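S.K.: As a plain string of letters, each chain reads:
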Amino acid sequence: MSEMDIRTVVRAFLAEHDPATTDRLDFLRARFDAGLAWVHFPVGLGGLGAPRALQAEVDAELAAAGAPDNDPRRIGIGLGMAAPTILRFGTEEQKSRFLRPLWTGEEVWCQLFSEPGAGSDLAALGTRAVRDGDGWVVDGQKVWTSSAHTARWAILIARTDPDVPKHRGITYFICDMTDPGIEVRPLRQITGEAEFNEVFLTGVRIPDAHRLGAVGEGWQVAQTTLNNERVAIGGQAIPREGGMVGVVADTWRRRPELRTHELHQRLLKAWLEAEVARLTGERLRQQLTVGQPGPEGAAMKLAFARLAQELSGLEVELLGEEGLAYDDWTMTRPEIVDFNGREAGYRYLRAKGNSIEGGTSEILRNIIAERVLGLPAEPRTDKDLPWKELAR
Amino acid sequence: MSDLLYSEIEEELRSSVRDLLTDHCPPSAVLAGCESREPYDLALWRSLAAELGAAGLQVPEEYGGAGASLRETAVVMEELGRSVAPVPFLGSAVLATTALLACPASDLLPALAEGARTAVLAVPLSTAPGAAFPSGVRADGNGALTGRLTSVADALTADVLLVPAVDADGPGLYAVEASATGLGVVRRTSLDLTRPLADVTLEGVPARKLAGADTAPAALERALLTGAGLLASEQLGIAEWCLGTTVAYLKERKQFGRALGSFQAIKHRLADLWLETVGARAAARYAADALAGESPDAALAVAVAQAHCGALAVRAAEECVQLHGGIGMTWEHPAHLYLKRAKADQIALGTPGHHRNALAGLVDLPGPVD
Ligand SMILES: Cc1cc2nc3c(=O)[nH]c(=O)nc-3n(C[C@H](O)[C@H](O)[C@H](O)COP(=O)(O)OP(=O)(O)OC[C@H]3O[C@@H](n4cnc5c(N)ncnc54)[C@H](O)[C@@H]3O)c2cc1C
Numbered sequence: 001m002s003e004m005d006i007r008t009v010v011r012a013f014l015a016e017h018d019p020a021t022t023d024r025l026d027f028l029r030a031r032f033d034a035g036l037a038w039v040h041f042p043v044g045l046g047g048l049g050a051p052r053a054l055q056a057e058v059d060a061e062l063a064a065a066g067a068p069d070n071d072p073r074r075i076g077i078g079l080g081m082a083a084p085t086i087l088r089f090g091t092e093e094q095k096s097r098f099l100r101p102l103w104t105g106e107e108v109w110c111q112l113f114s115e116p117g118a119g120s121d122l123a124a125l126g127t128r129a130v131r132d133g134d135g136w137v138v139d140g141q142k143v144w145t146s147s148a149h150t151a152r153w154a155i156l157i158a159r160t161d162p163d164v165p166k167h168r169g170i171t172y173f174i175c176d177m178t179d180p181g182i183e184v185r186p187l188r189q190i191t192g193e194a195e196f197n198e199v200f201l202t203g204v205r206i207p208d209a210h211r212l213g214a215v216g217e218g219w220q221v222a223q224t225t226l227n228n229e230r231v232a233i234g235g236q237a238i239p240r241e242g243g244m245v246g247v248v249a250d251t252w253r254r255r256p257e258l259r260t261h262e263l264h265q266r267l268l269k270a271w272l273e274a275e276v277a278r279l280t281g282e283r284l285r286q287q288l289t290v291g292q293p294g295p296e297g298a299a300m301k302l303a304f305a306r307l308a309q310e311l312s313g314l315e316v317e318l319l320g321e322e323g324l325a326y327d328d329w330t331m332t333r334p335e336i337v338d339f340n341g342r343e344a345g346y347r348y349l350r351a352k353g354n355s356i357e358g359g360t361s362e363i364l365r366n367i368i369a370e371r372v373l374g375l376p377a378e379p380r381t382d383k384d385l386p387w388k389e390l391a392r
Numbered sequence: 001m002s003d004l005l006y007s008e009i010e011e012e013l014r015s016s017v018r019d020l021l022t023d024h025c026p027p028s029a030v031l032a033g034c035e036s037r038e039p040y041d042l043a044l045w046r047s048l049a050a051e052l053g054a055a056g057l058q059v060p061e062e063y064g065g066a067g068a069s070l071r072e073t074a075v076v077m078e079e080l081g082r083s084v085a086p087v088p089f090l091g092s093a094v095l096a097t098t099a100l101l102a103c104p105a106s107d108l109l110p111a112l113a114e115g116a117r118t119a120v121l122a123v124p125l126s127t128a129p130g131a132a133f134p135s136g137v138r139a140d141g142n143g144a145l146t147g148r149l150t151s152v153a154d155a156l157t158a159d160v161l162l163v164p165a166v167d168a169d170g171p172g173l174y175a176v177e178a179s180a181t182g183l184g185v186v187r188r189t190s191l192d193l194t195r196p197l198a199d200v201t202l203e204g205v206p207a208r209k210l211a212g213a214d215t216a217p218a219a220l221e222r223a224l225l226t227g228a229g230l231l232a233s234e235q236l237g238i239a240e241w242c243l244g245t246t247v248a249y250l251k252e253r254k255q256f257g258r259a260l261g262s263f264q265a266i267k268h269r270l271a272d273l274w275l276e277t278v279g280a281r282a283a284a285r286y287a288a289d290a291l292a293g294e295s296p297d298a299a300l301a302v303a304v305a306q307a308h309c310g311a312l313a314v315r316a317a318e319e320c321v322q323l324h325g326g327i328g329m330t331w332e333h334p335a336h337l338y339l340k341r342a343k344a345d346q347i348a349l350g351t352p353g354h355h356r357n358a359l360a361g362l363v364d365l366p367g368p369v370d
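So the sequence lines, in the order shown, correspond to chains A and B. Take 1 as the starting number for the first sequence in the UniProt record's numbering and just add one per residue. Take 1 as the starting number for the second sequence in the UniProt record's numbering and just add one per residue.
Hints were generated in silico from the structure; no laboratory data involved. All figures in this text were calculated on a predicted structure; none of them were measured in a lab. Note that beta-carbon positions come from the ideal geometry of N, C-alpha and C, so glycine has one too. Treat the hints with care, as some may be off.
Claimed, not checked - In silico BS3-like cross-links for lysine-lysine, where the CA-CA straight-line distance does not exceed 30 Å:
1) LYS209/B x LYS343/B
2) LYS340/B x LYS209/B
3) LYS254/B x LYS269/A
4) LYS343/B x LYS269/A
5) LYS340/B x LYS383/A
What the hints assert, rightly or not - Residues of chain A placed beyond 10 Å of chain B at every Cβ, according to the derived structure:
6) ASP26
7) ARG52
8) GLU93
9) GLN141
10) ASP179
11) VAL215
12) GLU241
13) GLY243
14) ALA249
15) ARG253
16) GLN265
17) GLU362
18) PRO379
19) ARG392
Isolated chain B (complex conformation):
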């Protein structure tokens, strides 16, 4: 059985990330950032990446990374979820980095590992593992890309876009510099204020081919599976914050002459939420461990973790808003940031329903034939 606990090193990493986020990323700052024109807190990103080495955790040392594993990367995701941090970690350090690690060309890795540059895997955030290779972008004989992609997360600030495109030989993965002519990256108004989306248009954009038909589909799939698995840790972090904040509030808030948290109707709801959070921790840890060890059980572990944690984070955020009463509905209170992130995360990289259906195939529980 795999190790579902946190190692000492992982706990140390957690506390340094948490310290940094407590100092630089309080909810008030996140809220203010959302309303500014800057989609991300790039100073925070640089501290995370450069001071803590968070961007290159899963990158081998020979490419300038920390040579740690996805278990550590998952711990960072948990903490980023706890503070709905506006940084391109999922897009760059998880999705794009994982895809690059599976490609033959690796010269982009050192800059990403260092956090000096960020990259993004140019697919809609809602793309689930197991999806067909995208055919929205075509590459001509010179490697110039033409096509359109919607709802790409973390693309606005990316220095490099990793674009899955189809050429004469079949599927390929291409690198496009953000400054390339013919590339359009247009911000969309997104439900999740802290993870902005963009639509990407390519009109004969010069690109460099990173992987061909033999590796591109597997690299994409590995990235999507890893992203989905580690997103469960982010969802756990969101749920933890929502539960903890709600419990603290209900211990203090008095109505009817007593603390609201002493009413059993409320206690029972929070006890149930806690129970599901305990389950989410086990499921998210298992997914991270299975991905880190490239276990044959990884696909199943990811499906279980995503289906459970995706639904839980939303429920925790909804309970958080509800049990804060009127305050929970205000713009000033951070609860909405978590609800928006949780709801968007539920769709990101496959909905719980998608992951349950994936499970049906993986564990041989087929539906009716009609």
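Same shape as in the complex, but just chain A:
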């Protein structure tokens, strides 16, 4: 399919579904059914089996026609992580049950991966899933779970065999967040709000039909999620001066009285870095469209975190006396993380999480060093021990 063809498809779709008169949800459902949700997905699952590069064309045409969007910020984990994993490892029933409401945002997803004893060392996780008839019974505790309080479904990894080394014996499930065995407790964070949660799982019953991938092979499935997570966090196409750098540049232009020479140099450095990161992301996407997938997903996430922290810190300093104030310490449980709806202090504090969430910057550097540069791994003592014998 070419750019011309896809434009014809979009125009035909718009002719039938006028965004001005169609209900938002009806419009989104129809768009999914027309294969215009994510064009590279298969026909029947929101796509047309077309090249991924054509999505930009679709999005632009629809935006120009005033079509509603599916607010990717609110459904980030579903779109960025659950969907590609379900597409790759799900059964036909799972794909047709979950992908449509996921894409329209009717069903929000969360990610039950991290545990108090398993963060960077995720494969050490201890939440147990025990086979029981045609299903599984899950017990354990998860932590730092973003959006658990709004989620309808979760992707979950749990230990199904404690007698084998930690990377084996893990199984990947789709977990119903309305199950009575699930308790979600807010965790207040550095910004004052509670975006993430603790999640306690007690006798949670998961039907075997909600397992993703083979029993004991959840680690491989989780790799798909984690790789997509990094691309989702760091890999979006942004215009020049998009994102945080735009906010700071705007303040700089509007408020000449705030300028100092030292901040000027730092701003120029950060602007430059943001532009280089933007071009790098663009180059990565061009590589993807000609089928040269690189390991740059990890790189982009690392660059994004560094830049967000640099710029948000600069912004607070630039504001001087105003930077001493904070907009709101009220403990809320937000539906989305909205950097731009809040003030500089919030951005500064929230950006600290960018180098922790979705794999810490230290872990990403290890990945780059070992997988891209081919440097040897550090000696490991835990790799071949059965999970139950690991020091914890």
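For this one, chain A is given, so just place chain B with the ligand on it according to the hints.
M.R.: Leaving out everything else, chain B with the ligand in the frame of chain A:
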């Protein structure tokens, strides 16, 4: 959005240039060359220019060039950076050729495109785009030039010097034959062993006027901007060599009973360097593409690429020396050739600080008024 990848033709060009350089320009030969009296490997230059047509890539076919674009020329610069090749490519094929292409007189082009002769744009290598038209050389009524220029790269072997000079009508660009009487080209001891500098003195030297006040300043500016933009590709090549060589060494070198590359403190430094190199590739490609297409974004693309790549190449070369330990400090190991080239390149055609300040004007982020 412009194309930031390499085309198949560009990849083919890269591999032929790399093959040639691997055969004729190993680090040992570069080092030996630096210590000889010959500043450049002219046999290598002739192979590059004649066999591969590298000197005339950006020259239209009607003047005997390949009619390719600056994107291809940038690929050659990358490869020359990777092997710190001692050839006058930047001075002749990039700076002088670009200036000539912007002049009305074009009879010098065929010989340059063919590589039969080399030319040089007679300005200090540190001159940045946007600089005022040089006033160090004056032309009298007969077109004879008098004045002095310092730190001109690639001048020692040049057959023709393109000299910006001021005459009664204002700025002009003049061609001076290297054999002309009254011309002095004196070698300076330069920080970069592989790109020697010379000071040029002119005492009533006969010259031919190539461009007058209406075109000379624009031709000079176009040459400086193009040179700065393509230098980013050379800097990328330097950084790539430094990173690759260091990674290979640290996989092999054992201390404390294990490969040094398995220590996390080292891995993280190399991962950061790799990340910046990935950024440099995108920025350098964008600059080359913007220059090739004469995009209105070219000045900005060049400023971004120069500021990023100039600093990166130096950092990569410094890390290369440091992480090779004692060997990195020796004369035999080629790391120093790269460090010297990288540091000189950082100053060449505008420092990163200069390009960041240029950016301030281009993207409307002015400094404080005091
Ligand atoms: C805002 C936010 C939202 C999150 N949302 C979710 C979510 O929705 N779902 C979910 O499952 N998880 C979520 N997380 C959890 C996140 O994935 C983990 O916090 C992260 O993987 C790090 O684990 P940890 O907190 O246990 O830190 P630890 O692993 O204990 O690490 C502590 C420090 O040690 C460093 N370190 C660890 N291992 C190494 C090593 N091998 N080499 C060098 N340094 C190392 C780390 O980089 C870090 O600096 C979220 C986290 C944040 C901050």
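S.K.: In terms of Cβ atoms, is chain B entirely out of 10 Å range of GLU93/A?
M.R.: Holds, since 40 Å exceeds 10 Å.
S.K.: Just checking, PRO379/A versus chain B, shortest CB gap more than 10 Å?
M.R.: PRO379/A is in fact no farther than 10 Å from some Cβ atom of chain B, at 7 Å.
S.K.: Please verify whether LYS209/B and LYS343/B have alpha carbons no more than 30 Å apart.
M.R.: Not satisfied, since the Cα-Cα distance of roughly 35 Å exceeds 30 Å.
S.K.: With a cut-off of 30 Å on the C-alpha distance, tell me whether LYS340/B and LYS209/B pass.
M.R.: violated (36 Å)
S.K.: The output says ARG253/A does not contact chain B. Does that hold with a beta carbon cutoff of 10 Å?
M.R.: Violated: least Cβ distance 6 Å, not greater than 10 Å.
S.K.: Taking 10 Å as the cut and beta carbons as the points, is ASP26/A off the interface with chain B?
M.R.: ASP26/A is indeed farther than 10 Å from all Cβ atoms of chain B, at 34 Å.
S.K.: Would you check whether the claim that GLN265/A is not at the interface survives, using Cβ distances to chain B and the 10 Å cut-off?
M.R.: Non-interface label on GLN265/A violated, nearest chain B Cβ at 7 Å vs cutoff 10 Å.
S.K.: Check whether the Cα positions of LYS254/B and LYS269/A lie no farther apart than 30 Å.
M.R.: It is violated: about 37 Å lies between the C-alpha atoms, which goes past 30 Å.
S.K.: Taking only the CA atoms, is the gap from LYS340/B to LYS383/A under or equal to 30 Å?
M.R.: Given that 30 Å is the threshold and the Cα spacing comes to 45 Å, the pair is violated.
S.K.: Once the closest CB in chain B is found, is it more than 10 Å from GLU241/A?
M.R.: violated (8 Å)
S.K.: Would you say ASP179/A is clear of chain B, with no C-beta pair closer than or equal to 10 Å?
M.R.: holds (41 Å)
S.K.: According to the definition I'm using, a residue is off the interface if its beta carbon is farther than 10 Å from all beta carbons of the partner; does ARG392/A meet that for chain B?
M.R.: holds (22 Å)
Hint check: violations occur at hints 1, 2, 3, 5, 12, 14, 15, 16, 17, 18; the rest are consistent with the structure.
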